[in-house]
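Enquirer: If you read the sequences in order, they're chains C and Z. Numbering of the first sequence is given in the numbering used here, commencing with residue 1 and proceeding in unit increments. Numbering of the second sequence is given in the numbering used here, commencing with residue 1 and proceeding in unit increments.
Everything labelled a hint here was simulated from the structure, so no lab data went into it. Note that the structure is a prediction, hence the values are computed from the model and not measured. There's no promise every hint is true.
Stated by the list, open to error - Think about it this way: if two alpha-carbon atoms lie no more than 35 Å apart in a straight line, the pair counts; the simulated DSBU-like pairs of lysine-lysine are:
| no. | chain 1 | residue 1 | chain 2 | residue 2 |
| --- | --- | --- | --- | --- |
| 1 | C | K57 | C | K14 |
| 2 | Z | K55 | Z | K70 |
| 3 | C | K57 | Z | K73 |
| 4 | C | K57 | C | K11 |
| 5 | C | K57 | Z | K78 |
| 6 | C | K71 | C | K14 |
| 7 | Z | K73 | Z | K55 |
| 8 | C | K11 | C | K71 |
| 9 | C | K57 | Z | K70 |
| 10 | Z | K55 | C | K57 |
| 11 | Z | K78 | Z | K55 |
| 12 | C | K71 | C | K57 |
To be verified - One-sided excerpt, in silico: chain C residues whose CB lies under 8 Å from chain Z:
| no. | residue |
| --- | --- |
| 13 | Y33 |
| 14 | G42 |
| 15 | P43 |
| 16 | P103 |
For glycine and all other residues, C-beta sits at the position ideal for the given N, C-alpha and C.
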Amino acid sequence: DTGVSQDPRHKITKRGQNVTFRCDPISEHNRLYWYRQTLGQGPEFLTYFQNEAQLEKSRLLSDRFSAERPKGSFSTLEIQRTEQGDSAMYLCASSPQQSYNSPLHFGNGTRLTVT
Amino acid sequence: AQTVTQSQPEMSVQEAETVTLSCTYDTSESDYYLFWYKQPPSRQMILVIRQEAYKQQNATENRFSVNFQKAAKSFSLKISDSQLGDAAMYFCAYRSGGQNFVFGPGTRLSVLP
Numbered sequence: 001d002t003g004v005s006q007d008p009r010h011k012i013t014k015r016g017q018n019v020t021f022r023c024d025p026i027s028e029h030n031r032l033y034w035y036r037q038t039l040g041q042g043p044e045f046l047t048y049f050q051n052e053a054q055l056e057k058s059r060l061l062s063d064r065f066s067a068e069r070p071k072g073s074f075s076t077l078e079i080q081r082t083e084q085g086d087s088a089m090y091l092c093a094s095s096p097q098q099s100y101n102s103p104l105h106f107g108n109g110t111r112l113t114v115t
Numbered sequence: 001a002q003t004v005t006q007s008q009p010e011m012s013v014q015e016a017e018t019v020t021l022s023c024t025y026d027t028s029e030s031d032y033y034l035f036w037y038k039q040p041p042s043r044q045m046i047l048v049i050r051q052e053a054y055k056q057q058n059a060t061e062n063r064f065s066v067n068f069q070k071a072a073k074s075f076s077l078k079i080s081d082s083q084l085g086d087a088a089m090y091f092c093a094y095r096s097g098g099q100n101f102v103f104g105p106g107t108r109l110s111v112l113p
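So that you can see chain C by itself, here it is in the shape it has in the complex (with noise of 0.2 Å):
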């Protein structure tokens, strides 16, 4: 068990451009979750998928959002056009299907700085 690994750790980029995050979850997890944290809030949902497929997506996620894991592995969230209210923090959870008690297990996160 490695953990949830994700790549960059800090991102720092100026409005308009557009930005990838990677998230390598535990090897044995087919669930991946993306979540959003900002300064002194909870985690807020953004999308999920189970192997390859994106069963959920968050209605307060902009078009300018968009996540894939083509091979039920890793996953890349990319944000368009950035703007600066999109400064957070980025996490990337995995979980095994088995049991619907099964805990989430973060990655560090990708810190986004928009400028």
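Knowing the structure of chain C, use the given hints to seat chain Z on it.
Expert: Coordinates of chain Z only, in the frame set by chain C:
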């Protein structure tokens, strides 16, 4: 939609003392799961304890225990013999069936030496 409320933005406790963090939630489901997560400063979020709604017995993990009151939709976390390493943000989370996890806004816990 389900919501999770943590009414204490900040709490403090003296080292070795006991502290209770509050959490309430709103749901119409009868079967669901509740979790407490800990997020130390600049570190990843980790699971502290979990509770299945159909279980009446309160979960316990070493110094951490919960008081689950299903009728009141309350799920508080008690930390006994507080240690400096317990200082962190604590998030209460709810999950029903195959749905995603819903998190509360968090409580920042300080431990005073």
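Enquirer: Taking each numbered hint in turn, which are not upheld by the structure, reported in ascending numerical order?
Expert: none
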